[in-house]
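The sequence shown begins at 0 in numbering that gives the first Met the number 0 and counts up by one.
If you're looking for bench data, these hints aren't it; they were derived computationally from the structure.
Warning: the hint list may mix true and false statements.
Said to hold, decoys possible - Quick list of in silico lysine to any residue cross-link-like pairs, SDA-like style, CA-CA up to 25 angstroms:
| no. | residue 1 | residue 2 |
| --- | --- | --- |
| 1 | K286 | P355 |
| 2 | K415 | Q431 |
| 3 | K156 | Q90 |
| 4 | K109 | P47 |
| 5 | K45 | A264 |
| 6 | K156 | P47 |
| 7 | K286 | Q622 |
| 8 | K318 | D299 |
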Amino acid sequence: MTDIANTIHVLLIGIDYYQPNRLYRSLKGSVRDIMLVDTFLRETLKVPPERIRKLLSPNPEDPVFGNISVVPADVPTYENIVKAFADITHQAQPSEQVYIHYCGHGGRVKTVFERMKQGLYEQYDEGLAPFDIGDSPDGRYLRDVEMTTLLKRMTDKGLLVTVVLDSCNSGGVSRGDADIRGGLAPDTVERSFVSLVADPAELERNLVSETRARAIATRAPQVRDYVFLAACRPNEYAYEYAVNGGLERHGALTYWMIDTLTSIATRGQPLTYKLLHDRVNAQIQSKFPQQTPMLLGEADRLVFGSDRWITPFTVTVIKVDPTGTQVRLNAGLAQGLSKGARFAIYPLNTTDFSDPKQQVAIVELSQVNASDALTKVLSPAEGGVAPNGTIEPGAPAILVSAPVDLIRRVRFFAEKTAGDQEHELPPALVPQQTTALAAVRQALTGNGWLVEAEADESAHYQVAIGREGEYEINMGSPIPNLRPLLLIDDPTAPQQVLDRLVHLAKYQVVQSLDNARSRLLDVLQLEVLREDGTPFEQPQNPVIQGGDVITLRLTNRGTQPLKVAILDLEPTWAISQIPLGGFDSPFFSLEAGATEDQLLHMSLPEDAVYQQSKETLKVFAVQKGLADFRWLTLPPLDRPYERRGPELDGALQDYVNRDDEGINPLNQLLAAIGADLDRAPAVTRAATVVVDPH
């Protein structure tokens with residue numbers, strides 16, 4: 000964490016006591032949460048008190064914070080909250096940070112934007128419930144459409160914005176030892192809407208532009224996306240509970256967030272919002288499986304910093320047995336795992352997995368469920384490593400030993416003869432075959448994913464030498480358009496050939512994932528339709544022209560919500576996740592009985608070689624548990640990797656530009672079917688989301 004004391008502006012809002020109303024009972028942990036955040040900012044980050052604005056509504060029944068004196072301007076009414084947003088936007092200067100943390104109730108209210116939200120969430124607006132919401136039609140929420148405009152004004156000014164909402168936007172009932180920070184039911188009161196943020200036309204324009212910018216990444220160069228961390232998804236609950244079994248309650252999100260930040264601060268090591276989210280999510284899921292924190296925006300930005308760090312998608316530790324002998328991971332059968340696979344677990348805030356000495360432990364899958372797996376911690380005698388610290392919830396795990404049935408076989412063909420045919424070589428290259436292929440064979444040694452095929456075995460891949468003196472990878476026939484050519488006189492080429500083979504293997508494993516016996520086959524309906532919603536002439540094998548827009552329609556015909564993710568297996572050997580709803584997140588919640596239409600713009604890769612191609616959209620869905628399939632994504636294989644632009648800070652650019660010398664071959668795999676270690680998956684030619692702002 001960098002020194003931000005004089006470059007950050009903070010707005011903290013905590014509401015325990017609510018004016019009498021029928022939906023939002025008073026809470027007991029919101030103000031305590033805000034004071035916890037305030038203490039961390041002042042004592043750990045040394046933020047001056049004058050840079051921290053607090054709007055508080057304490058519960059008079061709270062023995063510690065119930066008697067806090069709050070002046071009228073600092074009571075979290077609708078008017079005061081809107082004014083506080085405006086004040087902080089005016090005070091902050093470009094490139095400075097704004098941190099906003101809200102603890103209190105969230106709810107759903109009948110929308111005042113019927114045209115914009117037709118068919119969405121039963122036409123509700125989601126919003127924060129101010130202290131004075133009441134039951135009167137004059138009581139106002141800070142609605143999601145208003146929040147979009149408030150945040151857009153900040154990012155348009157060049158501010159680095161982080162928003163944490165420890166509330167929920169759906170109703171529910173309280174548990175014996177916990178309360179839900181949400182209304183008892185959606186608010187159906189016909190509330191008058193006179194926004195203090197902007198007129199309805201401007202609110203709608205900003206919602207449309209922000210939706211489009213997030214979906215297709217079109218922002219002005221100076222505008223950074225904000226980080227948004229919410230306690231739960233729209234159909235879930237956000238809990239506050241007595242963390243240590245006493246009477247003092249905290250919001251689960253806020254408590255574990257500050258606990259993580261405090262722990263990391265003592266180590267003096269960098270932490271991204273993605274890593275923060277992973278650890279907080281693991282802690283919350285172990286206690287409240289129905290609460291899944293949501294992270295949107297610049298997940299790779301350093302917490303309370305401006306730099307961005309590549310943090311590869313990995314499997315995450317979600318629970319550790321008190322004895323330290325068993326660990327639960329957030330990946331399972333749905334991600335293609337099976338018993339016997341082994342993972343290396345690293346420290347919580349690891350961003351570089353190049354040093355195997357940093358491994359905390361080796362674990363082996365002993366029980367594999369739909370979307371999670373139980374593992375046992377291996378001792379050195381069982382093939383593990385000597386314990387190197389404590390295994391923590393949220394720690395990253397990397398597959399280091401794939402199940403036997405996933406290992407791919409390679410054959411080296413050094414018997415091409417001289418001639419002018421495509422399958423022959425110029426005379427000067429013929430004697431070089433054996434030596435050149437021996438170098439790749441040597442690179443293959445000990446990689447843990449590929450083995451050389453025996454004489455009587457069939458091979459998945461064949462490596463040979465091409466007519467231009469390049470290494471050639473065959474799957475029945477040479478794979479075309481692999482660029483740049485890897486020439487046999489380049490000493491780095493053998494390792495790059497291995498990298499390409501591993502990439503192909505990862506791609507084909509994802510391609511082969513299937514579950515023909517799934518109970519959800521009759522529950523989740525997938526249709527690929529024309530743009531207007533009409534079916535193709537051959538629905539099971541639609542032929543699409545380059546430039547066409549199609550409709551991908553998902554329907555949940557069951558009685559339970561589904562967690563859905565769609566991976567796009569591209570002809571460039573890339574795998575990307577389609578951002579359903581326009582947002583890049585682990586999964587999309589498809590409510591029972593709901594239908595979701597996503598428009599996709601289809602096109603061929605930007606290369607004349609592709610006259611036609613086959614594209615596969617693979618749908619993953621689970622009813623319960625975690626659902627994160629992003630570690631299955633891959634960058635394209637048939638084109639040079641493009642390094643990120645000048646928006647990267649110097650340290651990160653050095654990290655991206657460094658060569659791969661010294662990286663343990665097992666760790667290079669990252670996962671059996673996961674993203675490359677030092678290259679974040681990039682959207683290249685994937686089916687592009689077409690935004691319908693209404």
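Hints, verified against the model:
Restraint check: the Cα-Cα separation between K286 and P355 comes to about 32 angstroms, which exceeds 25 angstroms; the hinted pair is violated. For the hint linking K415 to Q431, the alpha-carbon distance of about 11 angstroms falls within 25 angstroms, and the restraint holds. Proximity of K156 to Q90 is assessed by CA-CA distance (about 11 angstroms); at most 25 angstroms being required, the pair is judged to hold. Of the supplied pair hints, the one linking K109 and P47 is violated, its CA atoms being roughly 41 angstroms apart against a limit of 25 angstroms.
For the hint pairing K45 with A264, the CA-to-CA distance comes to about 12 angstroms; that is within 25 angstroms, so the pair holds. For the suggested pair K156 and P47, the alpha carbons sit about 23 angstroms apart, so the restraint of at most 25 angstroms is met. Simply put, K286 and Q622 have alpha-carbon atoms about 18 angstroms apart, close enough for the 25 angstroms limit, and the pair holds. Between K318 and D299, the direct Cα distance comes to roughly 24 angstroms. Compliance with the 25 angstroms bound is thereby established for this hinted pair.
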